[in-house]
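Enquirer: Assemble the whole structure, with the sequences as input and the hints as a guide.
Counting from 1, one number per residue, gives the positions in the sequence shown under the numbering used here.
Read the hints as simulated data drawn from the structure, not as lab findings. Check the hints yourself; a few may be wrong.
To be verified - Derived pair list, reagent style DSSO-like, types lysine-lysine, alpha-carbon separation capped at 30 angstroms: (1) K75 to K151; (2) K145 to K10; (3) K10 to K146; (4) K123 to K145; (5) K76 to K10; (6) K106 to K145.
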Amino acid sequence: MKSMSLCGQKMNLRALEPEDLEFLFEIENNEIFWEVSHTQAPFSKYVLKQYLENAQLDIFEAKQLRLLIEDKKTKKQMGMIDLFDFNPQHRRAGIGILVHPKFQEKGVASEALEMIVKYAFSKLNLHQLYANITIGNLQSISLFKKNKFVKVGEKKDWIFSEGKFKNELLFQLINE
Numbered sequence: 001m002k003s004m005s006l007c008g009q010k011m012n013l014r015a016l017e018p019e020d021l022e023f024l025f026e027i028e029n030n031e032i033f034w035e036v037s038h039t040q041a042p043f044s045k046y047v048l049k050q051y052l053e054n055a056q057l058d059i060f061e062a063k064q065l066r067l068l069i070e071d072k073k074t075k076k077q078m079g080m081i082d083l084f085d086f087n088p089q090h091r092r093a094g095i096g097i098l099v100h101p102k103f104q105e106k107g108v109a110s111e112a113l114e115m116i117v118k119y120a121f122s123k124l125n126l127h128q129l130y131a132n133i134t135i136g137n138l139q140s141i142s143l144f145k146k147n148k149f150v151k152v153g154e155k156k157d158w159i160f161s162e163g164k165f166k167n168e169l170l171f172q173l174i175n176e
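Expert: Quick look at the structure:
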């Protein structure tokens, strides 16, 4: 039975499955996303297949949770959302989201973010979530602000990309 907190109006968040290999290969090897994913070289299908085989690890063991964003009606893969650096002692985790370009600007990221926040606070009993966003990523800044994340800091020259250093903003959401 699916967790109701991972079922939205237009989409569901679900665990990665072996049949997601092609989608994962396309996303992970799209250089548009490398800056935010800190990727520096393409992934082979072999490596991604091994990743999928081990993706069933519990968040308490793996310290991360990667979920696929799937259209509720068509079951089409639209993106991924992650909880990373999961720390049960301090009850916090980082959050990252990546939406395939053809599904951007359609409310996908906002609904997925809302669902994962609800899940993290109600099911994982987290106290806070944070997001690291490069200063020029206006879409992500807008998304997280819209979902009540607050800018709490700025890391100078944090990301080296396209031959220059970029500042990275730290956004945080506290579960009051």
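Enquirer: If you test the structure against every hint from before, which numbers come out violated?
Expert: 1
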